[in-house]
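Chemist: Chain by chain, the residues:
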Amino acid sequence: DVKVTQSSRYLVKRTGEKVFLECVQDMDHENMFWYRQDPGLGLRLIYFSYDVKMKEKGDIPEGYSVSREKKERFSLILESASTNQTSMYLCASSVLGQPNTGELFFGEGSRLTVL
Amino acid sequence: GDSVTQMEGPVTLSEEAFLTINCTYTATGYPSLFWYVQYPGEGLQLLLKATKADDKGSNKGFEATYRKETTSFHLEKGSVQVSDSAVYFCALSEGRDDKIIFGKGTRLHILP
Numbered sequence: 001d002v003k004v005t006q007s008s009r010y011l012v013k014r015t016g017e018k019v020f021l022e023c024v025q026d027m028d029h030e031n032m033f034w035y036r037q038d039p040g041l042g043l044r045l046i047y048f049s050y051d052v053k054m055k056e057k058g059d060i061p062e063g064y065s066v067s068r069e070k071k072e073r074f075s076l077i078l079e080s081a082s083t084n085q086t087s088m089y090l091c092a093s094s095v096l097g098q099p100n101t102g103e104l105f106f107g108e109g110s111r112l113t114v115l
Numbered sequence: 116g117d118s119v120t121q122m123e124g125p126v127t128l129s130e131e132a133f134l135t136i137n138c139t140y141t142a143t144g145y146p147s148l149f150w151y152v153q154y155p156g157e158g159l160q161l162l163l164k165a166t167k168a169d170d171k172g173s174n175k176g177f178e179a180t181y182r183k184e185t186t187s188f189h190l191e192k193g194s195v196q197v198s199d200s201a202v203y204f205c206a207l208s209e210g211r212d213d214k215i216i217f218g219k220g221t222r223l224h225i226l227p
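If you read the sequences in order, they're chains P and E.
So for the first sequence, the working numbering puts the first residue at 1; every next one is plus one.
So for the second sequence, the working numbering puts the first residue at 116; every next one is plus one.
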């Protein structure tokens with residue numbers, strides 16, 4: 001069964017802390033994505049990656065960074081967490097070069113609360 | 116830029132009612148269109164898709180037809196069940212960079 005696994009379902013952090021959200025996929029997908037999901041705003045793309053060590057900014061990259069050292073792992077980093085980063089974070093992966101298949105595979109999400 | 120607009124929720128229906136969730140899009144080219152569903156406590160999963168005009172996507176009793184003339188991709192189901200309660204996202208991809216653009220989502224509640 002194919003899978004995207006996010007390391008933490010629920011996290012509570014304090015303002016100013018550094019936060020790591022980890023995502024691992026077992027499908028050998030080239031593409032990986034980080035979205036945040038907020039009520040009334042839907043899904044917004046933070047960063048994505050087409051390959052190891054490659055990254056591209058999405059629509060809302062401010063306050064975030066990413067790391068892709070291995071093909072199966074894509075990490076989202078909040079260098080100094082702020083309360084407006086309280087959200088649900090969703091990781092997804094897909095096959096490179098099949099843009100019209102549309103099939104993103106999502107993890108279950110990581111709900112982050114910043115106090 | 117490309118965008119997706121879908122009806123706001125929540126939508127509340129009784130079991131066995133007919134469902135329509137409206138979705139319209141703006142795109143410069145010829146996008147592929149999708150509906151994703153998010154059940155409570157889970158990530159999103161692809162429900163159905165259509166890759167060209169007049170295509171009809173279908174799955175689990177849901178259908179949507181790609182209408183280029185009205186730039187729409189409305190989701191329909193003839194008889195909903197309590198288990199259909201979820202958040203539904205309309206989305207598009209123009210294929211330029213493998214990115215998918217999502218609508219804001221519509222929460223659906225089905226009452227027994």
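Don't take each hint at face value.
[Said to hold, decoys possible] Mimicking SDA-like on lysine to any residue, the simulated pairs with C-alpha atoms at most 20 Å apart in a straight line are:
1. P:Lys57 <-> E:Val202
2. E:Lys214 <-> P:Leu41
3. E:Lys214 <-> P:Gly58
4. P:Lys53 <-> P:Phe20
5. P:Lys57 <-> E:Ser118
6. E:Lys214 <-> P:Phe20
Calculated from the structure, these hints are not laboratory results.
Chemist: Which numbered hints does this structure break?
Modeler: 1, 6
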